[in-house]
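A.B. asks: If you're matching them up, the sequences are chains A and B in order. Heads up, the first sequence is in the numbering used here, so the first residue is 1 and it goes up one at a time. Heads up, the second sequence is in the numbering used here, so the first residue is 1 and it goes up one at a time.
Don't take each hint at face value.
Partial pick of chain A residues on the chain B-facing surface, computed with a CB cut under 7 Å [to be verified]: (1) Gly38; (2) Gly40; (3) Leu42; (4) Gly128; (5) Ala129; (6) Leu155; (7) His160; (8) Pro180.
Hints in this document: simulated from the structure, not taken from any laboratory. Note that beta-carbon positions come from the ideal geometry of N, C-alpha and C, so glycine has one too.
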Amino acid sequence: MSDFSEAQIERYSRHIILREVGGKGQSKLLDSRVLIIGAGGLGSPVGLYLAAAGVGTIGIVDSDAVDLSNLQRQILHATTDLGRPKCLSARETMEDINPDVCVVPHQFHLDSSNVLDVVADYDIVVDGADNFPTRYLVNDACVMQGKPLSHAGILRFEGHVTTIVPGRGPCYRCLYPEPPPPGLVPSCQEAGILGAVAGIVGSIQAAEVLKLILRIGDALVGRLLVFDGLEMAFRSIEIPRDSGCSVCGDRPTITAPIDYEEFCRLRGGTESKPEVQS
Amino acid sequence: MSTNGDLVELRLFGPLREVVGKKLVSVPYAGLTVAEALVRFADEQGESVRPMLFDSRGNRLRSLILLLNNQTVDQLETSRLRSGDVITVLLPLAGG
Ligand SMILES: [Zn+2]
Numbered sequence: 001m002s003d004f005s006e007a008q009i010e011r012y013s014r015h016i017i018l019r020e021v022g023g024k025g026q027s028k029l030l031d032s033r034v035l036i037i038g039a040g041g042l043g044s045p046v047g048l049y050l051a052a053a054g055v056g057t058i059g060i061v062d063s064d065a066v067d068l069s070n071l072q073r074q075i076l077h078a079t080t081d082l083g084r085p086k087c088l089s090a091r092e093t094m095e096d097i098n099p100d101v102c103v104v105p106h107q108f109h110l111d112s113s114n115v116l117d118v119v120a121d122y123d124i125v126v127d128g129a130d131n132f133p134t135r136y137l138v139n140d141a142c143v144m145q146g147k148p149l150s151h152a153g154i155l156r157f158e159g160h161v162t163t164i165v166p167g168r169g170p171c172y173r174c175l176y177p178e179p180p181p182p183g184l185v186p187s188c189q190e191a192g193i194l195g196a197v198a199g200i201v202g203s204i205q206a207a208e209v210l211k212l213i214l215r216i217g218d219a220l221v222g223r224l225l226v227f228d229g230l231e232m233a234f235r236s237i238e239i240p241r242d243s244g245c246s247v248c249g250d251r252p253t254i255t256a257p258i259d260y261e262e263f264c265r266l267r268g269g270t271e272s273k274p275e276v277q278s
Numbered sequence: 001m002s003t004n005g006d007l008v009e010l011r012l013f014g015p016l017r018e019v020v021g022k023k024l025v026s027v028p029y030a031g032l033t034v035a036e037a038l039v040r041f042a043d044e045q046g047e048s049v050r051p052m053l054f055d056s057r058g059n060r061l062r063s064l065i066l067l068l069n070n071q072t073v074d075q076l077e078t079s080r081l082r083s084g085d086v087i088t089v090l091l092p093l094a095g096g
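Next up, chain A with everything else stripped away, as it sits in the complex:
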């Protein structure tokens, strides 16, 4: 604890008095590196809580600019940020909350050519992406590099969240071996999302990341937590690892990152092409 400044001891006092955290745990948080994919509805609460908690280095991958329709839920950004890159808006907000934190913007689109390099620099990854291709890409990269991944997806009043620790439990492909046909599952843009639902689910992801860093409690490994905001109910579903999984199974067939289009082509020949639903 001797490494903390007076201001840090005060800033993190509510953490430090937790037996499960203490000065040691707070030092771990300050030394840790977390990558957030997407500075949107999920990435916002994750970014805010990780920054406030003093996670020392936080990378943010997002290639978009702040749009007026984002502000109903993406609480990293303000009205004055309209048109600015989300990466930079997020960095400003997070470093403003806590100057101990270094936010690294990755202002580009993740694909099979860059995902391993980006993920390699971090200890833990948070998936707050808004599309299936990125979700499968990030899952595969994390499995290949053995990086823990907090996964969540949201739509309307519903949220799904799980924690993937390669080697310890199932990965995203164990849950859903293949993405649904394009157009079948609508985006938040198409079907809407209650802003606070993003906040609830993203806050669970933030708590999972902090627990992983601190090595406390039980992570959502092998469990999918399904949140129904209309019913205001959580259901926990146990999902086993699939020994036949194409990326984390005993004989993986996916050994390098692949983009979605390529993934669909791999299935070609044996199955018809997915149809786009209206």
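Model the placement of chain B with the ligand on the given structure of chain A, informed by the hints.
C.D. replies: Showing chain B with the ligand alone in chain A's frame:
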């Protein structure tokens, strides 16, 4: 109509709940296997529901999580439904 003794429940989430318009549907499917129940449900609900469960060749989508009484089902083709059973159908959500 059927007697209560035949009824099982389908618990729906996400886009499937939207299309069907209910989160819980009671159906007289006791005695069917889980796989047969899904086929029957798609047949009865019609063309808006079928693509959420099956591809255009009639194969069950690999992007579904199916639970029987909150447990993953290994034997979809052989596990027979009993009165009061609950099948849960989950699709992944892309939104973030
Ligand atoms: Zn897997």
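A.B. asks: Each of the hints needs a verdict: does it hold here or not?
C.D. replies: Status of each hint after checking the structure:
With 7 Å as the threshold, the beta carbon of glycine 38 of chain A comes within range of chain B, its nearest partner Cβ sitting at about 5 Å, so the hint holds. The beta carbon of glycine 40 of chain A is positioned within 7 Å of a beta carbon in chain B (closest approach about 5 Å), and the interface hint is therefore held. Hint status for leucine 42 of chain A: holds, given a least beta-carbon distance of 5 Å to chain B, under 7 Å. The interface hint given for glycine 128 of chain A holds, since its Cβ lies 4 Å from the closest Cβ of chain B, which is under the 7 Å cut-off.
Among the interface hints, the one on alanine 129 of chain A holds; its C-beta lies about 5 Å from the nearest C-beta in chain B, closer than the 7 Å criterion. Taking 7 Å as the C-beta contact cut-off toward chain B, the hint placing leucine 155 of chain A at the interface holds, the least distance being around 5 Å. Hint status for histidine 160 of chain A relative to chain B: holds, with the closest Cβ pair at about 6 Å, below 7 Å. Here the hint on proline 180 of chain A is kept, as its CB sits about 4 Å from the closest CB of chain B, short of 7 Å.
Hint check: no violations occur; every hint is consistent with the structure.
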